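For chain A, the structure is supplied; the task is to place chains B and C on it using the hints.
Read off the chains here:
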Amino acid sequence: MISVLAGIAVGIALALPLASAYALFGLGIVVIHRASRVLNLAHGAIATLPAYLLYSLSPRIGIPAAVLLSLFAGGLLGVAVERLVVRRLRRVSQTAQTVGTVAVFALLVAVMGKVWGTNLLPGVSLVPHQAFRVGQALMFTEDLALIAASILGSLVFFGLFKFTHFGLAMRLAADNRQAASLMGIDPDRTTAQAWFLAGVFAALGGVLLAGESGLHPYLLPLQMLPAFVAALLGGLDSAFGVVLGALVVGVAIGIVPSLGSIGQQPGMPQVALTALALVVMARRGVRLQAGDVRSSLA
Amino acid sequence: MSEPLLRVTDVDAHYGPIQALRALSLEVHQGERVALVGPNGAGKTSTLRVVSGMIRPTRGLVRFAGEEITGRPAHELVALGIAHVPEGRALFPAMTVEDNLRAGFWVRRSERSGYQRARDRVMDYFPILAEREGQAAGTLSGGEQQMLVVARGLMSEPKLLLIDELSLGLAPKIVAQIFEIIEQINRQGTAVLIVEQFVHMALQNTDRAYALAKGQVVMDDSSSRLLANPQLVAAYLGDVAVAHARDLSLTSA
Amino acid sequence: MTVGTRVATPPLVNWSSLRRYRATPLRLLLLAALLAWPWVPGLPVAYVNDASTAFEYALVAVSLVLLTGWVGQISLAQGAFVGVAGFTTSLVFNHLGIRFPFSLPAAVAASAAVAVMLGVVALRVRGLYLAVATLIFGWMADRFLFAASWFVGIGGSAQVQTPLIGMPGTLTVFDLYDGRVFYWVALAALGLGILLASNLRDSKSGRAFAAVKGSEVAAASLGIDVTRYKLLAFAISGGLAGLAGNLQITGQGSAVPDEYNFLSSLFFLSVAVVGGLTSLRGAIAAGLLFAALNEVFFRVTSLNGYIDIVSAMLLLVVLLAYPGGLAAAGARVQGLSRSLLRRRQEPGGELPTPREAAAGLAVTPGHQVAAPPPIATDRATAEAILEAEEITIRFGGLTAVDSVSLRVNRGEIVGLIGPNGAGKTTLFNAVAGLNQPAAGRVKLYGRDVTNLPVHERAALGVGRTFQLIQLFPEQTVFENLLTATHLANRTGFLQHALLTTRALHTEADVRDRVHEVVAELGMEALLQRRVAGLPFGVLRTVELARALVTGAKFVMLDEPASGLDNAETENLAQRLLRLRADLGLTILLIEHDVPMVTSVSDYIYVINRGRLLAEGTAEAVQRNEDVVLAYLGVPTSAMGVPA
Chain A
1 MISVLAGIAV
11 GIALALPLAS
21 AYALFGLGIV
31 VIHRASRVLN
41 LAHGAIATLP
51 AYLLYSLSPR
61 IGIPAAVLLS
71 LFAGGLLGVA
81 VERLVVRRLR
91 RVSQTAQTVG
101 TVAVFALLVA
111 VMGKVWGTNL
121 LPGVSLVPHQ
131 AFRVGQALMF
141 TEDLALIAAS
151 ILGSLVFFGL
161 FKFTHFGLAM
171 RLAADNRQAA
181 SLMGIDPDRT
191 TAQAWFLAGV
201 FAALGGVLLA
211 GESGLHPYLL
221 PLQMLPAFVA
231 ALLGGLDSAF
241 GVVLGALVVG
251 VAIGIVPSLG
261 SIGQQPGMPQ
271 VALTALALVV
281 MARRGVRLQA
291 GDVRSSLA
Chain B
299 MSEPLLRVTD
309 VDAHYGPIQA
319 LRALSLEVHQ
329 GERVALVGPN
339 GAGKTSTLRV
349 VSGMIRPTRG
359 LVRFAGEEIT
369 GRPAHELVAL
379 GIAHVPEGRA
389 LFPAMTVEDN
399 LRAGFWVRRS
409 ERSGYQRARD
419 RVMDYFPILA
429 EREGQAAGTL
439 SGGEQQMLVV
449 ARGLMSEPKL
459 LLIDELSLGL
469 APKIVAQIFE
479 IIEQINRQGT
489 AVLIVEQFVH
499 MALQNTDRAY
509 ALAKGQVVMD
519 DSSSRLLANP
529 QLVAAYLGDV
539 AVAHARDLSL
549 TSA
Chain C
552 MTVGTRVATP
562 PLVNWSSLRR
572 YRATPLRLLL
582 LAALLAWPWV
592 PGLPVAYVND
602 ASTAFEYALV
612 AVSLVLLTGW
622 VGQISLAQGA
632 FVGVAGFTTS
642 LVFNHLGIRF
652 PFSLPAAVAA
662 SAAVAVMLGV
672 VALRVRGLYL
682 AVATLIFGWM
692 ADRFLFAASW
702 FVGIGGSAQV
712 QTPLIGMPGT
722 LTVFDLYDGR
732 VFYWVALAAL
742 GLGILLASNL
752 RDSKSGRAFA
762 AVKGSEVAAA
772 SLGIDVTRYK
782 LLAFAISGGL
792 AGLAGNLQIT
802 GQGSAVPDEY
812 NFLSSLFFLS
822 VAVVGGLTSL
832 RGAIAAGLLF
842 AALNEVFFRV
852 TSLNGYIDIV
862 SAMLLLVVLL
872 AYPGGLAAAG
882 ARVQGLSRSL
892 LRRRQEPGGE
902 LPTPREAAAG
912 LAVTPGHQVA
922 APPPIATDRA
932 TAEAILEAEE
942 ITIRFGGLTA
952 VDSVSLRVNR
962 GEIVGLIGPN
972 GAGKTTLFNA
982 VAGLNQPAAG
992 RVKLYGRDVT
1002 NLPVHERAAL
1012 GVGRTFQLIQ
1022 LFPEQTVFEN
1032 LLTATHLANR
1042 TGFLQHALLT
1052 TRALHTEADV
1062 RDRVHEVVAE
1072 LGMEALLQRR
1082 VAGLPFGVLR
1092 TVELARALVT
1102 GAKFVMLDEP
1112 ASGLDNAETE
1122 NLAQRLLRLR
1132 ADLGLTILLI
1142 EHDVPMVTSV
1152 SDYIYVINRG
1162 RLLAEGTAEA
1172 VQRNEDVVLA
1182 YLGVPTSAMG
1192 VPA
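Chains as they are written, first to last, in our numbering: chain A, 1 to 298; chain B, 299 to 551; chain C, 552 to 1194.
I should point out that these hints are in silico values taken from the structure, not numbers from a laboratory. Warning: the hint list may mix true and false statements.
[Stated by the list, open to error] Simulated restraints, written as ranges between beta carbons of each label pair:
(1) A/PHE72 <-> B/SER411: 34 to 44 Å
(2) A/GLN178 <-> C/THR943: 27 to 37 Å
(3) A/VAL279 <-> B/GLY440: 51 to 61 Å
(4) A/VAL279 <-> C/GLY1167: 46 to 56 Å
(5) C/TYR873 <-> B/GLY467: 27 to 37 Å
(6) A/SER56 <-> B/GLU431: 44 to 54 Å
(7) C/GLY1167 <-> B/SER439: 27 to 37 Å
(8) C/LEU1049 <-> A/SER56: 51 to 61 Å
(9) C/GLU941 <-> A/PHE166: 36 to 46 Å
(10) B/GLY467 <-> C/THR943: 14 to 24 Å
Predicted model only: the values in this text are computed from it and were never measured. Idealized CB from N, CA, C, for every residue including glycine.
Excised from the complex, chain A in its bound form (with noise of 0.2 Å):
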């Protein structure tokens, strides 16, 4: 009995580094989300390519700066990905944003895929590499950067948005937009800002799960996937809620494998978390209802 909760709970120790990345990602997928009303499924991409610059600008510049460089470089790419795709199918649907976002993902991956090939690289550690045993199993330093920054980031991030005027106009854009450009603020200027915003999130999360798992083009952004089931369970548009789902999801994924023969099947977390999904949206989902009456024709 006590081994089966030893070995939960070092599962749950385990599983704390992948929750934090999934907080970070989690939190930009919530920004973009409260700002545009679109799930940004490039988010990963979005979070890889600057672990990837980092990789190749660190040796020319040494580490500090190619990280900031690294860090500004995915702001500046969730601002492009929101200006040339997001804001131009505004017009056509939410659903055609959506798909302009994986398109987005499609090309991003193909690019990092031909530019620095396919196979597994080293990533690029901000932290001097130290093991150490958590019962049966091994941490890292690197694990504790991660969950370090996801809540030094965290705290940031709920700081910005309650004492900044920055933080006030994003907030209040994403309330409701319409009254927020009655109070003078641009909400096209808010937008973009929280892009960037999740971009750079999106990157430090990416640089310092890269420093663990290594790089790869198409790995390391599914990596991510799991963040939007995140999102998806705290409520989409909650920070605070992204940041819980964030754990249960990591820790599902750190728990399933111990719970006997069936969670050792492969994929069987996936699986959970899949279903947990499902259902988190069909109870939230809509059912034909007069609110759905929109004009066809506007």
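Relative to the frame of chain A, chains B and C by itself:
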């Protein structure tokens, strides 16, 4: 005759294929209280939206405080002195009363000391808001919400305050209360353009009024004269009602 | 019987719907080229194989055209459906020894079943949430299904034997290992898929699909069971993708899970989008394009590795700048070549302008309108079409409608009026089936329908229009009206797919029905115009016509005069009176334009603050002091009294 504060000339407005305004013209002078009345769908809300920049007219001109503002987006016009309190109370429902007021002050956010003064002023007008400071705006009662959005509109110290359907869903007593406060605000120099479905309220509390129907101005007069004009009833309810009104006047004479 | 002519017995085969099978020189040439491709002298086998690959791509693209293009259900999991079929094929081969083509049913059934599971999800989530749901689903399939050794096979790679059909030495031997034979099989499969999709598209099923995409609310009001058609679409789409999957693994001999991951789903979506997403021809063209690009980028060493970038760029460019894709480009070329060849004008000349058409719709003044039927002295005993009893509707803590009862008798025009926010629309929606009342009953034609879904109420004989017009903008007026024949058309999906004689006959009949209503309303000039360009007043008439085409004798109109100018409003009033007289309709309408309502209604209900304030004849209501008070805020006695 000085130039009016607001002049709308020959404006057309469309929502997709629907034409909401047809060659509409009106004026508001400094310090005036003007009402827009008319049945639902007549174009009253669309008129306010054109003035505040929420929608762009497809034809025509809008001038405010000597500047041409036709087609400029809403967020630029707030800085010029237009505050719009939209229909349906357009709150920031998830945010506190305090935050909603801060939102109203946004255009003046660089004036650090100004915020406290502006806030105190609106709290004088609407003392009940002080009690609800930390509450989420969405949880306030209808009347309180309406007071909040008017207060929010005042935070920017506008030259022209646009108010759309403030009586919607409110008890007549509260509506009367709010109208009184608007009178006070007006005496301090703010011009007011009010859209109101309840004709009597609107005409009793304004200096001039325009009656709209199907996107056009059909009557334009001082409020007291409009109040006595039987044609106004016809615009709402048809001729039988007018005849009925005349019958009554004969019997009560 | 109605106004309007009728042709003698319909022809045995409706040639208009078979027009697309006409053998134009261009089509014959293309078909010949396709068939002869493998026999081109000196052609390397690789090019033949590329063409087979192109057909596989095209087939999956067709499945997406149907699901995403026509029904509007976005799928980022198509690769998973292909994979399910592929691995099922290997499963039945390795465990049961079944080979192509006998492995087809199992493979197609498996992928269709998985697709339907996703379809069930699609019933609850829409738009971008559906996109994410399919994404997550595909991810789960990739990580779980395609990683499970019982499904995929040991070592993570599935093996299948490419079959030899027939015995060597007998008459016919199909060696699918031979690139040419496989080519023709793939071509045949694609042809089958195209035929199926094409037959569906122009049938009742295809129109139902388009309606689900255009406006689910409108579709339901026309009697279309949205749930059923969504699931059907997923099943067919999954099946078509499965066909491609089965073919693919049969031709390759083996498959690995990586072939069916998220990137492959993206790839298939790219093919469909570049093709134009709604066009079958575009899907074929795009399949050929991508297969060709694949080959080119493979052969030319300097371009190696750029294929993924190029296909992603193609997708983006089409999305952002050329949403019609290859299909639109093709149509433009066709248009250009027509004008270049200076083809003869279609008989009938130019289409009338919308303004001309609108003028034709005006009800001629002086037209004798039959006097309204006298109101039964006791309305409560007359035959009721609609009875709403003590309806109460709550939203959260708010009571929007409080214990309201109303009644519409046969042959009446009843108005529902009240100030803004009074609850009229909420009540109206409850009668229509879009709201669930917390208390009270709704009875239509004497039957309790309180718990009946919208499409079933429509089947009883109720039509409606919408305040915010719910027509299908990209279709013509005729096509919009044809969708409304859904309930009158008793044929099923299989009959449409197989284009049976019965289906064709029924199609001819329902088209006649549309023409009858069109004649009644004088809309002939409008039929071929796209809805998107028409003036607003005309659109209101089209939506009214659509409700009438369903054959409903009870029509509910939601603010029909909203957005109309004075002349159009007057026109509408006259038209309603005439339709009631000529077609024996019963009408319920919500309106803000009180003068208009009073001019057409036999009886009026006034709602204020969720309660029934007054009811009576138009005149009685107008004299009612409470009503005036509700609208103007002041009793009449205080208004407009000349000194």
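Which numbered hints fail
3, 5 and 9
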